[in-house]
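**Student:** So you can see what is in the structure, the chains are spelled out below.
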Amino acid sequence: MNNIEIPNNKPLLSVKNLKKHFVTKKNFFGHPKEYAYSLNGISFDINKGETLGLVGESGCGKTTAGRTIMGIYKPTAGEVYLHGERLDLSKGPEKRIQMIFQDPYACLNPRMTVGEIIGEPLEINHVYDDNKAKLQRVYELLELVGLSREQANRFPHEFSGGQRQRIGIARALAVNPDIIICDEPISALDVSIQAQVVNLMRRLQKELGLTYLFIAHDLAMVKYISDRVAVMYMGAIMELADAEELYRNPLHPYTKSLLAAIPVPDPDIRQDISSIKGEIGTGDMTGCPFAPRCNKATDKCFKEMPAIKNVEGHQIACHSI
Amino acid sequence: MILEINNLSVGFHTYRGDVKAVRGVTFNVDEGEIVGIVGESGCGKSVTAHAVMGLLPEENSFINQGNIKLLGEDITNKSNMEMTKLRGTSMAMIFQDPMTSLNPVLTIGQQMTEGIIKSKGLNKKDAHEEALALLKRVGIPKAEERMKAYPHEFSGGMRQRVMIAMALICRPKLLFADEPTTALDVTIQAQILELLDELRREMKMSIVLVSHDLGVIARICDRVNVMYAGRIVESGPVGEIFHNPQHPYTRGLLNSLPRVDKVDDTELPVIEGHPPDLLYDIKGCSFAPQMWRCHEGLCCLSSK
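In the order they appear, the protein sequences are chains A and B. Throughout the first sequence, residue numbering follows UniProt numbering, covering 1 to 321 in sequence. Throughout the second sequence, residue numbering follows UniProt numbering, covering 1 to 304 in sequence.
Chain A extracted, bound-state conformation (with noise of 0.2 Å):
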């Protein structure tokens, strides 16, 4: 947030042309004929104690982006720099990139209680000696996060939705990790629920200075918790700028009918709700994926895929701007 200082100018994570393309179909000898290209090369900074957040519909890669950060999946092409320095991906997840994920139902093993839940990542980066110590953290941790310390041993399915998000983030947090990718870990929350969950992420940012990269499809809550947000389609970041300034002055088409599209809770504003046409394509085109649906598309938008630039103190791809 705005008053955690900033040491150096360099930037906390730096992601720079990441791609990841999935194979779908082999031949014969087992050799990739056909790939999905989820992650077109996609390339970002964020700041200590910032919050990028990572908008896109379903199938626009931001998924795949926050897991490739992290090493879950092995990036097909480009780097990811941590503090400056190069992480070596193939070597599997990272421990100072910690994740809190979208199904609060399905991320926690239901055999596990609470207590064996939050201190595995402890057990697993042979933080703690002794027990003593690692329960006491532990503790610590439920607390944090709102939650009581005698509620260590429960299991899962004793707990709400939001309760479970809650130990969710206890968990992400057992490392005390650099950052934090959350993808939609409140999409499966009711909006009541989520309003707490949401709350409480900002608390913690606040009092330990926490860097979140917040991927979720809800544009009011991204606009809510970011501080710079990232428009994704198709595997390409179409524009990235200030939260509020994107929000409120959206350059490229595809951002601009994407705010159009979101429905506001206040009936007076029915705004015009045609304002894009057609449906998400397949990904393995030269130019501008979003071309199809644009309505400034011309024929070089279709042959070429427009380079990053900055307008306005946006980073925006659109050849028409």
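Worth flagging that the hints you see were computed from the coordinates, not collected in a lab. Remember, it's a predicted structure, so these values are computed and weren't measured experimentally. C-beta: ideal position from N, C-alpha, C; glycine also. Don't take every hint at face value.
As the list claims (entries may be wrong) - DMTMM-like cross-link-like pairs, simulated, lysine to aspartate or glutamate; straight-line CA separation at most 20 Å:
id, chain 1, residue 1, chain 2, residue 2
1, B, LYS125, B, GLU145
2, B, LYS142, A, GLU279
3, B, LYS262, A, ASP268
Claimed, not checked - Derived list of chain B stretches under chain A, where covered just means 3 residues or more per stretch with a C-beta under 8 Å from a C-beta of chain A:
id, region
4, 86-94
5, 210-218
6, 230-244
7, 249-262
8, 266-274
Take the given structure of chain A and dock chain B to it, following the hints.
**Tutor:** This is chain B only, laid out in the frame that chain A set:
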């Protein structure tokens, strides 16, 4: 009046006891009107819709009081056979996940013509024409080709359009839409909502829209019922509910949403506590335990 629901209560037998999922719900739907039912998971909004459609699981559910009138006729105790006749002709329903409602091994054309032949008694050729016209009406591009495609070849938004086309076969007076856009992206959601709004105007159809998303409700509904713990806690025209909410639960729900069209940087107001366990009887207002401001007789806009 198309639909009148009077003091409807629905319960389920479970091994813990009887869960009273809907507790005395009353509302009406007029011709050509879109009525929203909004609430959080477990509040009974879908159960209400299923009860009207006669789609509750027979083995463990029961309607213990109240009645449902469709076009002036009481349908509460109709047999399964009679309900099957009503479904499709007088009322139809579309669901959240269109993939589970379509048969994966039949083409869209086969599924649509089957319905038309059975319900309207047309021959195969006419049924084909009719199906084609409906698919075109709901905005499926290259409808002739798409008739031969299987459900998995359609995207989520297109599948929902097919479901809507199937629901429209007999021009029902009443359409239940149970979270029709929850599984869809915002841009596709906007297209589907627009389609529903057009169809209602064109066919003078009434729609009951069940949703947890207040934005969706605000966008197309005329009137809205807010449900909490099996009861309607507040109902009224959308303008009134959204601009001048009276019930603390409605207010809490609206306040806990961040807005795209406004700048706010304060902490989101939250609703404390949990909804009550529906296994037990609730005395007084079901929201009272979560509301420090609640005093007897002061805030209860609900009937109890």
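**Student:** With reference to the structure, classify each hint as holding or not holding.
**Tutor:** Hint check:
For the hint pairing B:LYS125 with B:GLU145, the CA-to-CA distance comes to about 16 Å; that is within 20 Å, so the pair holds. With a CA separation close to 14 Å, the supplied pair B:LYS142 and A:GLU279 stays within the 20 Å bound. Between the alpha carbons of B:LYS262 and A:ASP268 the distance comes to roughly 14 Å, so the proposed pair stays at or under 20 Å and holds. With 0 residues carrying a beta carbon less than 8 Å from a beta carbon of chain A, the region 86-94 of chain B misses the three-residue requirement, and the given coverage is violated.
Residues of the region 210-218 of chain B with a Cβ under 8 Å from some Cβ of chain A number 7, which satisfies the need for three, so the listed coverage holds. Judged by the Cβ-Cβ criterion of 8 Å, the region 230-244 of chain B is covered by chain A as claimed, because 4 of its residues qualify and three suffice. Given as covered by chain A, the region 249-262 of chain B passes the check, having 9 residues with a CB less than 8 Å from a CB of that chain where 3 are the minimum. Check result for the region 266-274 of chain B against chain A: holds, 6 residues qualifying (beta carbon to beta carbon below 8 Å, three or more required).
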